[in-house]
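Student: Residue-level listing of the chains:
Protein chains: 2
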Amino acid sequence: MPNAAPDNLTTFWDGLDGVRRAVNERLEAWLPQATQPPCRLHQAMRYSVFAGGKRVRPILAVLACRAVGGTDARAMPAACAIECIHTYSLIHDDLPAMDDDDFRRGRPSNHKAFDEATAILAGDALLTVAFDIISRQMDKPGVASRVVQEVAAAAGWAGMVGGQMADLEAEGADPDADTLHFIHAHKTGALIRASVLCGGLAGGAAEPQLTALGTYARCVGLAFQIADDLLDETATSEQLGKTAGKDKAAKKLTYPALYGLEASRTEARRLAAEAIGALDPLGPEAAPLARLAEFIVSRSS
Amino acid sequence: MPNAAPDNLTTFWDGLDGVRRAVNERLEAWLPQATQPPCRLHQAMRYSVFAGGKRVRPILAVLACRAVGGTDARAMPAACAIECIHTYSLIHDDLPAMDDDDFRRGRPSNHKAFDEATAILAGDALLTVAFDIISRQMDKPGVASRVVQEVAAAAGWAGMVGGQMADLEAEGADPDADTLHFIHAHKTGALIRASVLCGGLAGGAAEPQLTALGTYARCVGLAFQIADDLLDETATSEQLGKTAGKDKAAKKLTYPALYGLEASRTEARRLAAEAIGALDPLGPEAAPLARLAEFIVSRSS
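Protein chains in written order, with numbering that gives the first Met the number 0: chain L, 0 to 300; chain B, 0 to 300.
There's no promise every hint is true.
[Unchecked claim] The following label-pair restraints were derived from C-beta to C-beta distances: (1) B/A234 / L/D138: 30 to 38 Å; (2) B/R269 / L/T210: 37 to 45 Å; (3) L/D138 / B/G282: 33 to 41 Å; (4) B/T9 / L/G105: 20 to 28 Å; (5) L/E284 / B/R106: 27 to 35 Å.
[Stated by the list, open to error] Taking beta-carbon pairs under 7 Å as the criterion, some of the chain L residues facing chain B (in silico): (6) P37; (7) Q42; (8) L89; (9) E115; (10) D123; (11) V128; (12) F130; (13) G141; (14) V147; (15) Q148; (16) A152; (17) A165; (18) L167; (19) A169; (20) P207; (21) L209.
I should point out that these hints are in silico values taken from the structure, not numbers from a laboratory.
Just so it is clear, CB atoms sit at the ideal spot from N, CA and C, and this is done for glycine as well.
With these hints in hand, go ahead and build the complete structure from the sequences.
Tutor: Shown next as structure tokens:
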């Protein structure tokens, strides 16, 4: 990480490019080749996985693994699996029957680049391959089984899918704090929390370390979603690589809609501080996780 | 199983109702309650899981587990997980962008009873909960991890999803034996094979037993799909509980379309005989698996 200025969060973030490259290299190896039939399915899976995602979740997993003394290689299966699940959720969310979005990361969304049937199946295959990667690439079956448990709970009805359903149901409804918190904690929070916990599990974390990581992850997950809500209101479509202001247009329940911009920024910063405080028991190895929490919130202001 | 006539396959099949009840009771416990929010998601999941399915895959898992000396309880997590995956695949296959079917098992299909977005999410949640059930309910992590591997491979790009993609691509194309075999082996064959193998794994099968079960499963899976193709051509919609003759109308590539009705019946019977022969090393405990192979083929003639 040459010339990393300690007060420059962007430099810290760019300095994580080595992790991104390692994650991409593993995804390249663990996903089906585009030349293998049915080619169209595998092309559609790769189209969205290699669309220039920021790899926030894999980076969280790797940094959490490092924070408890694990090597990057140990974190890779969980990191890549969770990125596959995140990607599948974007593909399905963009479908006409769901959020109906034609663009994602500056390119046509999956069902526009391919077609609806292919997009549904590519999403299904990415969700499934996540569990294949964890169970096949993690060398300790006991840890693999625990990671499958965490990831499945975070991705399914008790997590991400439940949050997306609640989000769809809340569209057009009057703003309501309980519903908003349910959506945020489930739709994005659960998988971000799983990224951190599974990185820790892969690195051999002891229970008190997992507790510390769990608190950090819960706060970072909420802060991340508030930052995302703020960006949707304040950034341009060009900056986002997707349609901006869409939440407002669809009357989505968001943090700024309920509490206003300034109170939302304050809450995001408060959550980041709480996340950083939770890392105390982990010592200096956890410093990059603290920087990441700062970076995530800095996106919003 | 009172009054079970040895030469009456229907009585044998009905005699498996105890297994069906046990599977339903476990699914009832392991799926989210319909009263728990987001209720609509959980209602949609349960609507399709408890729609009167024949539970062929769970029964295969339980009988394979028994064949190697395991208790029914050991087989239940894999059995229920695979039924959840089978159900999700039906929900997604029925979507307008896929096979566009308004009826399933004599009732409105999931997206007609609810809506498209809910059906997509209910499918996603059922796929995910399958891995939750395996990793949480199997008491040996090493076996759980292996079962996750088998199920993920059978359900994903290298199995069921790949087969469904190939099936969609082949619609309207000239009949071609290689494509047909690819579709059958992947779309239905892989998950049926996984049912048998995972039942065996849960029951503690040794490698030679798994090899025997694998051959049995491959043959039964193909026979099952040929029987299904035949039923679509020869049965009425009322008998099927779904639209009959749909494959032909959609110019789907089927066994009867390629080889004719009589040759298809002969091949299904040959495969059942090969399946039964493969069970020899397992001894008398495997007799019910043999009966099941006979029953599956008898559906076609």
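Student: Confirm or reject the claim that L/E284 and B/R106 have a C-beta distance inside 27 to 35 Å.
Tutor: Given range 27 to 35 Å: violated, Cβ gap about 56 Å.
Student: Grab the minimum C-beta distance from L/Q148 to chain B and call the hint holds if it beats 7 Å, violated otherwise.
Tutor: L/Q148 check passes; min Cβ-Cβ to chain B is 4 Å, inside 7 Å.
Student: Does the CB of L/L209 sit less than 7 Å away from some CB of chain B?
Tutor: L/L209 check fails; min Cβ-Cβ to chain B is 17 Å, beyond 7 Å.
Student: Given the hint of 33 to 41 Å, is the C-beta distance from L/D138 to B/G282 inside that range or not?
Tutor: This hint holds: roughly 35 Å between Cβ atoms.
Student: Minimum Cβ distance from L/P37 to chain B below 7 Å?
Tutor: Given a least distance of 4 Å, the restraint on L/P37 holds.
Student: With 7 Å as the cut and Cβ atoms as the points, is L/Q42 at the interface with chain B?
Tutor: Violated: closest Cβ of chain B sits about 11 Å from L/Q42, beyond 7 Å.
Student: Identify whether the interface hint at L/A152 stands, where standing means a beta carbon of chain B within less than 7 Å of its own.
Tutor: The hint holds - L/A152 has a Cβ within 7 Å of chain B, the shortest such distance being about 6 Å.
Student: At a threshold of 7 Å, is the proposed contact between L/A165 and chain B supported by beta-carbon distances?
Tutor: holds, 5 Å
Student: Using the C-beta atoms of B/A234 and L/D138, is the stated range 30 to 38 Å upheld?
Tutor: With Cβ atoms ~49 Å apart, the hint is violated.
Student: Does L/D123 pass the interface hint, meaning its C-beta sits closer than 7 Å to a C-beta of chain B?
Tutor: Given a least distance of 5 Å, the restraint on L/D123 holds.
Student: A closest beta-carbon separation below 7 Å is what the hint needs, so does L/F130 meet it against chain B?
Tutor: holds, 4 Å
Student: Go through the hint on L/P207 and say holds or violated, using the shortest Cβ distance to chain B against 7 Å.
Tutor: violated, 22 Å
Against the hints set out earlier in the document, violations occur for numbers 1, 2, 4, 5, 7, 8, 19, 20, 21.
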